[in-house]
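Asker: Each chain is listed here by its residues.
Number of protein chains: 2
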Amino acid sequence: MNAPAALPQLMPDVQTRAVPPELLQALQTRFGPQCSTALAVREQHGRDESAFTTVPPPAAVVFAESTRDVADALQLASRYRVPVIPFGVGSSLEGHLLAVQGGISIDVSRMNQVLAIQAEDLTVTVQPGVTRKQLNEAVRSSGLFFPIDPGADASIGGMSATRASGTNAVRYGTMRENVLGLEVVTASGEVIRTGTRARKSSAGYDLTRLLVGSEGTLGVITEITLRLYPLPEAISAAVCSFPSIEAAVRTTIQVIQLGIPIARVELVDAGTVRMVNAHARLTLREEPLLLMEFHGSPAAVKEQAEAVQEIADEHGAQAFEWATTPEERTRLWTARHNAYFAAIQSRPGCRAISTDTCVPISRLADCLLDSVAEADASGLPYFLVGHVGDGNFHFGYLIMPDDPAERATAERLNHALVARALRLEGTCSGEHGVGLHKMGFLLAEAGPGAVAMMRTIKQALDPHNIMNPGKIFSM
Amino acid sequence: MNAPAALPQLMPDVQTRAVPPELLQALQTRFGPQCSTALAVREQHGRDESAFTTVPPPAAVVFAESTRDVADALQLASRYRVPVIPFGVGSSLEGHLLAVQGGISIDVSRMNQVLAIQAEDLTVTVQPGVTRKQLNEAVRSSGLFFPIDPGADASIGGMSATRASGTNAVRYGTMRENVLGLEVVTASGEVIRTGTRARKSSAGYDLTRLLVGSEGTLGVITEITLRLYPLPEAISAAVCSFPSIEAAVRTTIQVIQLGIPIARVELVDAGTVRMVNAHARLTLREEPLLLMEFHGSPAAVKEQAEAVQEIADEHGAQAFEWATTPEERTRLWTARHNAYFAAIQSRPGCRAISTDTCVPISRLADCLLDSVAEADASGLPYFLVGHVGDGNFHFGYLIMPDDPAERATAERLNHALVARALRLEGTCSGEHGVGLHKMGFLLAEAGPGAVAMMRTIKQALDPHNIMNPGKIFSM
Chain E
17 MNAPAALPQL
27 MPDVQTRAVP
37 PELLQALQTR
47 FGPQCSTALA
57 VREQHGRDES
67 AFTTVPPPAA
77 VVFAESTRDV
87 ADALQLASRY
97 RVPVIPFGVG
107 SSLEGHLLAV
117 QGGISIDVSR
127 MNQVLAIQAE
137 DLTVTVQPGV
147 TRKQLNEAVR
157 SSGLFFPIDP
167 GADASIGGMS
177 ATRASGTNAV
187 RYGTMRENVL
197 GLEVVTASGE
207 VIRTGTRARK
217 SSAGYDLTRL
227 LVGSEGTLGV
237 ITEITLRLYP
247 LPEAISAAVC
257 SFPSIEAAVR
267 TTIQVIQLGI
277 PIARVELVDA
287 GTVRMVNAHA
297 RLTLREEPLL
307 LMEFHGSPAA
317 VKEQAEAVQE
327 IADEHGAQAF
337 EWATTPEERT
347 RLWTARHNAY
357 FAAIQSRPGC
367 RAISTDTCVP
377 ISRLADCLLD
387 SVAEADASGL
397 PYFLVGHVGD
407 GNFHFGYLIM
417 PDDPAERATA
427 ERLNHALVAR
437 ALRLEGTCSG
447 EHGVGLHKMG
457 FLLAEAGPGA
467 VAMMRTIKQA
477 LDPHNIMNPG
487 KIFSM
Chain Y
17 MNAPAALPQL
27 MPDVQTRAVP
37 PELLQALQTR
47 FGPQCSTALA
57 VREQHGRDES
67 AFTTVPPPAA
77 VVFAESTRDV
87 ADALQLASRY
97 RVPVIPFGVG
107 SSLEGHLLAV
117 QGGISIDVSR
127 MNQVLAIQAE
137 DLTVTVQPGV
147 TRKQLNEAVR
157 SSGLFFPIDP
167 GADASIGGMS
177 ATRASGTNAV
187 RYGTMRENVL
197 GLEVVTASGE
207 VIRTGTRARK
217 SSAGYDLTRL
227 LVGSEGTLGV
237 ITEITLRLYP
247 LPEAISAAVC
257 SFPSIEAAVR
267 TTIQVIQLGI
277 PIARVELVDA
287 GTVRMVNAHA
297 RLTLREEPLL
307 LMEFHGSPAA
317 VKEQAEAVQE
327 IADEHGAQAF
337 EWATTPEERT
347 RLWTARHNAY
357 FAAIQSRPGC
367 RAISTDTCVP
377 ISRLADCLLD
387 SVAEADASGL
397 PYFLVGHVGD
407 GNFHFGYLIM
417 PDDPAERATA
427 ERLNHALVAR
437 ALRLEGTCSG
447 EHGVGLHKMG
457 FLLAEAGPGA
467 VAMMRTIKQA
477 LDPHNIMNPG
487 KIFSM
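Sequences listed follow chains E and Y, in order.
In short: position in the first sequence from 1, add 16, done, that's the working numbering.
In short: position in the second sequence from 1, add 16, done, that's the working numbering.
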């Protein structure tokens with residue numbers, strides 16, 4: 017681990033490359049009404065949920081409806097050496113969608129078919145524009161579900177591209193573990209397939225895992241085969257409030273160290289509970305909470321829950337309340353998923369600068385408590401939620417975008433937090449990706465040698481640097 | 017999926033590059049007695065457990081004792097553009113260690129320290145020469161274990177390089193899921209680190225997963241950080257015999273489809289049971305068997321076992337016997353792990369040509385039963401074992417190495433089996449890797465576009481093609 021680099025720039029380094037009118041003409045000819053140059057459309061595709069100041073939007077948006085569309089758009093872009101930025105639903109948090117080097121956006125949201133549910137193999141094949149909620153609707157009647165659940169109703173293509181996870185990762189893993197295979201259009205417009213539907217394979221380089229998390233810099237994902245899981249026979253959810261964040265965290269650490277197969281264990285701090293209560297009209301106790309869920313047979317769920325309750329009691333848990341009906345459970349998890357939006361609404365006009373550190377479980381208390389103290393001392397409003405079973409948590413510093421002092425404070429807190437996480441052998445990004453915002457942190461985390469290896473791979477696979485350039489590392 | 021290419025060559029395409037005397041001199045100077053050019057040592061490092069005819073051995077063997085040693089050896093090899101083949105314990109099955117383009121072997125077996133057991137994080141950091149049994153001895157007193165268990169007592173470096181798995185993968189995953197981070201010496205002799213000790217990360221390209229399974233073609237692994245698991249509170253093992261392979265396989269398929277978290281479920285056919293009985297002095301019923309193991313709390317283990325027993329009964333299971341003591345369990349699993357060696361000994365002088373297909377679970381019966389019928393019709397002796405919970409199984413065709421007709425028969429059977437597995441959306445290699453033997457199959461499975469992408473990555477990261485050249489794909 018090296019010392020973190022200088023503070024990441026808040027205004028990204030914009031070096032727009034010219035988009036020749038011939039390319040726009042060729043796109044219009046090939047795509048007709050599927051290609052838009054309307055300013056409102058372009059602006060919608062040139063931003064995401066991050067707090068970055070807007071940069072000039074892409075020159076055009078192609079609404080792809082098939083792999084052929086994507087391949088044709090990429091072949092044209094490649095011919096004119098113009099950047100291409102894939103777009104799902106626009107919910108990324110790290111500036112992934114900003115056209116910092118200009119170019120065109122390829123929107124895959126119309127590629128939203130669930131292509132095949134292979135229930136007997138616990139797999140499904142989808143187009144990239146399918147969202148996680150849509151997928152779960154589609155597979156529910158087969159008695160199956162897909163566990164990966166970032167806060168937003170993100171697209172499966174975007175979730176694959178950022179190696180997303182969410183609340184169930186502690187038990188079911190992340191996109192890394194749950195993508196079996198891909199269809200991808202490469203920078204030259206060639207269509208390739210990676211992986212098979214087999215659960216495991218040692219056949220050659222793991223291109224699937226190289227592309228998962230590559231943030232659109234190596235190709236456009238046009239098809240994804242995923243693992244599914246049988247809906248648990250029994251599910252129990254519980255809310256447990258604690259006298260302190262530390263008590264909640266120490267409970268979590270012990271649950272993980274004992275290998276209890278908890279399905280979800282989410283921390284919400286007292287301030288964030290207040291925001292969630294206000295937003296979702298809930299009456300959760302406004303104290304540090306763990307939201308938990310247990311999956312399995314009725315007996316297994318009971319056994320797990322009793323073991324966890326005992327640990328929580330030893331850490332001074334003040335209430336352990338069950339959400340017994342499916343409706344209560346849904347309300348609880350929807351509130352958790354909407355914490356980000358609840359927080360944004362708590363300060364009208366604000367934007368959130370999200371942190372995303374993840375540390376080894378034994379370091380979680382050290383990493384979290386010092387960072388809470390720093391955030392409290394700063395006076396900046398924030399929310400705090402965490403997939404604490406994974407050692408991953410998010411501060412969202414709520415800044416007014418036009419206030420440079422608040423931005424600087426948020427960046428200072430983020431910087432100190434990342435430096436702490438790296439010292440504790442963790443990562444700067446548990447699940448959001450690097451995008452623009454964490455490029456400096458990646459260099460500090462991985463070191464120049466590993467980042468140089470990433471760059472070498474990028475140069476080899478995308479020699480004209482047209483695939484979402486300027487993300488992950490400068491290029 | 018394309019049609020499988022022509023039969024893989026049994027005699028690999030040997031194109032030995034000259035090893036200049038200056039390099040040998042420089043290695044002797046730098047490494048002294050750590051560098052050997054004795055024929056017996058070289059020959060031992062120029063072969064593996066595969067049935068390939070021996071090719072000329074490497075020109076020298078460097079016994080590395082540190083990362084610095086590996087880096088220095090690679091810098092010298094890079095300067096002279098001479099191939100380097102990493103060597104662990106020599107247990108690979110696909111010709112990985114054969115010096116088909118000449119060069120030198122780097123033996124890492126002396127780098128066998130368990131560097132750090134981070135019990136509170138369920139992680140461990142080891143040098144590449146540590147073997148799986150050694151690792152488990154080292155962590156047992158912490159109440160932890162490492163589940164990945166290929167048949168041989170392989171090195172962790174070799175297991176990482178081939179993306180190995182074994183009998184526990186159905187529950188705990190493979191090396192893909194269990195390697196958190198690596199230290200690697202690249203082709204130019206630079207030392208890089210990938211990953212962190214955090215359980216998950218979205219920070220940049222997944223170099224860890226690119227290197228796991230790269231079979232020594234992208235760098236030499238010099239340190240590995242792995243996930244560990246708490247020793248289960250309760251473990252039960254059982255042997256269940258069936259009237260047919262089909263009944264055993266259909267039982268397995270149903271167990272997986274129901275999501276029962278079985279820890280191990282291994283098929284052994286009647287003929288292989290006979291070999292194992294003879295080798296290990298056991299008295300297992302000489303019928304198709306499932307060897308199973310259940311991990312969890314006592315109640316969870318009981319519940320899982322009862323559910324599986326009920327399914328087995330519905331498929332006509334003839335006996336369901338428990339191995340209740342740790343000694344009985346160890347005897348059973350040792351016998352299973354030694355099935356390969358039991359089979360080899362059943363036909364003095366023979367070598368095994370191993371198959372390694374893995375298919376989606378619903379296709380397992382189709383894939384396996386047709387292949388058994390073909391093997392029986394051929395008259396060639398074989399063994400058959402399978403990690404059937406993953407859809408992965410191995411025939412070992414027992415051929416006399418000097419009998420070209422037997423070789424041709426084995427290759428014909430293997431070819432038909434792989435073609436069938438690919439038609440069923442599976443893979444040619446579940447866990448052994450590609451090496452020399454499955455290069456043609458990889459091309460058929462992944463298609464020329466994906467293999468071209470692998471080659472492009474290889475060329476970019478190893479421009480002089482010195483890292484274990486001629487493996488995975490021709491180069």
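I should point out that these hints are in silico values taken from the structure, not numbers from a laboratory.
Glycine is no exception: its CB is placed at the ideal position from the N, C-alpha and C atoms.
Among the clues, some could well be false.
[To be verified] Across the chosen pairs, the derived CB separations fall in these ranges: (1) E:Gln31 <-> Y:Thr472: 46 to 54 Å; (2) Y:Gly332 <-> E:Gly465: 54 to 62 Å; (3) Y:Thr32 <-> E:Pro37: 50 to 58 Å; (4) Y:Glu326 <-> E:Arg301: 37 to 45 Å; (5) Y:Asp386 <-> E:Arg439: 41 to 49 Å; (6) E:Pro49 <-> Y:Ala424: 27 to 35 Å; (7) E:Arg439 <-> Y:Glu344: 44 to 52 Å; (8) Y:Ser157 <-> E:Arg301: 39 to 47 Å; (9) E:Gln334 <-> Y:Ser158: 28 to 36 Å; (10) Y:Gln41 <-> E:Val30: 25 to 33 Å; (11) Y:Pro314 <-> E:Ser260: 40 to 48 Å; (12) Y:Glu344 <-> E:Pro342: 55 to 63 Å; (13) Y:Ala34 <-> E:Pro464: 28 to 36 Å; (14) Y:Ala34 <-> E:Thr45: 38 to 46 Å.
[Unchecked claim] Now the stretches of chain E that chain Y is said to cover, found in silico as 3 or more residues with beta-carbon under 8 Å: (15) 39 to 45; (16) 81 to 94; (17) 149 to 155; (18) 296 to 308; (19) 365 to 379.
[Unchecked claim] Once the Cα atoms are required to be at most 25 Å apart in a straight line, the calculated SDA-like pairs of lysine to any residue come out as: (20) Y:Lys149 <-> Y:Arg345; (21) Y:Lys318 <-> E:Glu427; (22) E:Lys318 <-> Y:Arg345; (23) Y:Lys149 <-> Y:Glu38.
Asker: Look at each hint and say if it fits the structure.
Answerer: Results for each hint:
no.	hint	result
1	E:Gln31 <-> Y:Thr472: 46 to 54 Å	violated, 26 Å
2	Y:Gly332 <-> E:Gly465: 54 to 62 Å	holds, 58 Å
3	Y:Thr32 <-> E:Pro37: 50 to 58 Å	holds, 56 Å
4	Y:Glu326 <-> E:Arg301: 37 to 45 Å	holds, 44 Å
5	Y:Asp386 <-> E:Arg439: 41 to 49 Å	violated, 57 Å
6	E:Pro49 <-> Y:Ala424: 27 to 35 Å	violated, 60 Å
7	E:Arg439 <-> Y:Glu344: 44 to 52 Å	holds, 47 Å
8	Y:Ser157 <-> E:Arg301: 39 to 47 Å	holds, 42 Å
9	E:Gln334 <-> Y:Ser158: 28 to 36 Å	holds, 33 Å
10	Y:Gln41 <-> E:Val30: 25 to 33 Å	violated, 55 Å
11	Y:Pro314 <-> E:Ser260: 40 to 48 Å	violated, 34 Å
12	Y:Glu344 <-> E:Pro342: 55 to 63 Å	violated, 44 Å
13	Y:Ala34 <-> E:Pro464: 28 to 36 Å	holds, 35 Å
14	Y:Ala34 <-> E:Thr45: 38 to 46 Å	violated, 56 Å
15	39 to 45	violated (count 0)
16	81 to 94	violated (count 0)
17	149 to 155	violated (count 0)
18	296 to 308	violated (count 0)
19	365 to 379	holds (count 7)
20	Y:Lys149 <-> Y:Arg345	holds, 16 Å
21	Y:Lys318 <-> E:Glu427	violated, 53 Å
22	E:Lys318 <-> Y:Arg345	violated, 29 Å
23	Y:Lys149 <-> Y:Glu38	violated, 40 Å
In summary, the numbered hints that this structure violates are 1, 5, 6, 10, 11, 12, 14, 15, 16, 17, 18, 21, 22 and 23.
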